[in-house]
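Just so you know, the protein sequences line up as chains V and A, in that order. Going by our numbering, the first sequence opens with residue -3, and the numbers climb by one from there. Going by our numbering, the second sequence opens with residue 5, and the numbers climb by one from there.
Warning: the hint list may mix true and false statements.
Unchecked claim - DSS-like, lysine-lysine: derived pairs with alpha carbons at most 30 Å apart:
#1 197(V) with 261(V)
#2 136(A) with 197(V)
#3 113(A) with -2(V)
#4 59(A) with 197(V)
#5 252(A) with 124(V)
#6 60(V) with 197(V)
#7 124(V) with 180(A)
#8 118(A) with 261(V)
#9 113(A) with 19(V)
#10 118(A) with 124(V)
#11 62(A) with 258(V)
As the list claims (entries may be wrong) - One-sided and incomplete, this derived list gives chain V residues near chain A with beta-carbon spacing under 10 Å:
#12 9
#13 120
#14 257
None of these hints come from the bench; they were simulated from the model. Here the structure is a predicted model, which is why all the values come from computation and not from measurement. Ideal Cβ placement from N, Cα and C applies to all residues, glycine included.
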Amino acid sequence: MKLITYEERAVINKDFGEIWNTKMARNTIIILPVIMAVFLPAMYLVMIYFLPSEKMNGVEEMLKLIPNELSYLSIQQSMFYIMSDMVCPMFFLMIPLMASSVSAACSFVGEKERGTIQTLILTPLSLKSIFKAKVIGCTILSVIATAISFAAFTIVISIGDIILNMPFFLNWNWAVLVLVLAPAITIFGVVFMVLVSGRSKSYIESFQAAGYIVLPVIFLFIGQFTGLFQLNAVIFLLISLGLVIIDFVLWILAARSFTPEKLLK
Amino acid sequence: MYAISAKNLTKSYNGSTNALSDLNIDIEEGTIFGFLGPNGAGKTTTVKLFTGLLKPTKGECSVLGMTPQENPCAVHSLCGVMTETARMYIQLTGIQNLEFFAQACGIKKEEGTKRAQELLKKLDLWDARDKKLSDYSTGMTQRLSLARALINRPKILFLDEPTSGLDPESAQSVNKMISSLAKNTGATVFICTHQLRYAQDICSSYGIIEHGTVIAQGSFATLCENIGCKIKAEFRLPEGDKLEYFNKNSDWWQTELQSEDEMPKLLRSIINSGHEVYEARLVKPNLEDVYFEYTKQKKVSL
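Taking the hints into account, I'd like the entire structure generated from these sequences.
Structure, rendered in structure tokens:
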């Protein structure tokens, strides 16, 4: 049995074209990763490289967040470590989350909004196949955006590591984040949007709902600066596990809500 | 086995009023069935039930022996459906749209392109094949939707207002295409329309629906017979002359006939009785007369 049938592949290709032709979706998929994975880290690197550390506010408080085993790092190196290991993961996770949810908004809600979902349902494709093709399409697009972003991010941070004479940034935290948490977040973005699509009249409206799912990610990473906890590979793994369970439940709920009567309301 | 069949098919959207009430219908294969009624009568709801887009509140329906709600994919693989609400992709060109729907129907790429080209030529869209759908006029979009419904060579075609928004020439070419499809392939066609003139040109059987209830069905002859719509003989005489027991309609004196065979005898008798006849004609009832007669009688009975 094929993982993706010929008919499902046709839907995936059509969805790629449709998402790419939607200005807002295209801009989000291109501009957001450029800002989050390249622009912000690069700006920060330039800032800490050229700005004397004594002129920065709150440096002492921030240095308290550095683990003891890295106490040998200079102020400049420590500031870059905080950025690459504590702030950038938050920026980076925005990419799969936003890319998947904007793709899903365009693919599911957009199709409903434009009245083409009925035509698609009237083809011999089963609802299960349409659902599967759309979820796979959005996931692939998001994974591609995330992978390219990570490659670009790696280049920027590696340049920083070389300039500041620091060890290579890639560690277990990043490995778990990229290989486990990002895919789990991608699926979450898609299925969450499918569920929201039932209540949204336009894809802009559903895309606004994606804003709510960004908030927990921001709170999670900002929370580190209170000093109460510090995110690490184990916590990322536990969060991923929780997300996989949530993904599974949401997938079932989303697939159940994917019926002609609900879609054509 | 009937191509399309329904037994007590009922649909209510709100639980209190029925959009469709107790539809009983059996349509033979190869029939072009005209489902006539005003907007909001329940025609689109019926198509949605037959194509599995809706679940009936009561009763059952089948398409080529299959229940659309239980086996929608099999029904869709044998059907072509064109409704006003089933739109196509505006960012794709005409040919890209057809190629996509061919692939979604499982037709291989080369074959799908060939079929799309054939339909675009037949429906006079060849010159606009590479234009985006957003640049199509209403009539062109309508014809492309028909091409999409025909892409998988359907055995049954459900058409909801196929000629609405079309200019007379396009409407005529669409009608010709539907007729030739039914004739050449033996496909069954279920057409919902309120354009009675076009329906009479192509349909072999009819159903009249009003407020969700079918008030009449059968061939044109059956519909005429059941409602008492008869052929009329009309005569124009010199001014001041009159015919006993005839009705006056403008300049014409008219009477109903059982069949057109009675006309020569009637004309002879009028001339023999000393009347000068300037003009004589037979007026056959058309679908519009029959339709309005049924709806009028329904109102009277209410």
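Do the hints match the structure? See the list:
The suggested pairing of residue 197(V) with residue 261(V) holds, with an alpha-carbon distance near 10 Å, which does not exceed 30 Å. With a C-alpha separation of about 25 Å, the suggested pairing of residue 136(A) with residue 197(V) holds against the 30 Å cut-off. Restraint check: the Cα-Cα separation between residue 113(A) and residue -2(V) comes to about 18 Å, which is no more than 30 Å; the hinted pair holds. For the hint pairing residue 59(A) with residue 197(V), the CA-to-CA distance comes to about 23 Å; that is within 30 Å, so the pair holds.
Taken as a hint, the residue 252(A) and residue 124(V) pair is broken in the structure, with Cα atoms around 66 Å apart against an allowance of 30 Å. Our distance criterion of 30 Å between C-alpha atoms is broken by residue 60(V) and residue 197(V), whose separation comes to about 48 Å. Between the alpha carbons of residue 124(V) and residue 180(A) the distance comes to roughly 37 Å, so the proposed pair goes past 30 Å and is violated. Between the alpha carbons of residue 118(A) and residue 261(V) the distance comes to roughly 36 Å, so the proposed pair goes past 30 Å and is violated.
Between residue 113(A) and residue 19(V) the CA atoms are separated by roughly 29 Å; this keeps the pair inside 30 Å, and the hint holds. With a C-alpha separation of about 29 Å, the suggested pairing of residue 118(A) with residue 124(V) holds against the 30 Å cut-off. Of the pairs offered as hints, the one joining residue 62(A) and residue 258(V) holds, with about 19 Å between alpha carbons and a cut-off of 30 Å not exceeded. Restraint check, residue 9(V) versus chain A: the minimum CB separation of about 8 Å is within 10 Å; hint holds.
Hint status for residue 120(V): holds, given a least beta-carbon distance of 4 Å to chain A, under 10 Å. Because the closest C-beta pair between residue 257(V) and chain A is about 6 Å apart, less than 10 Å, the hint holds.
Violated hints, in rising order: 5, 6, 7 and 8; the structure is consistent with all others.
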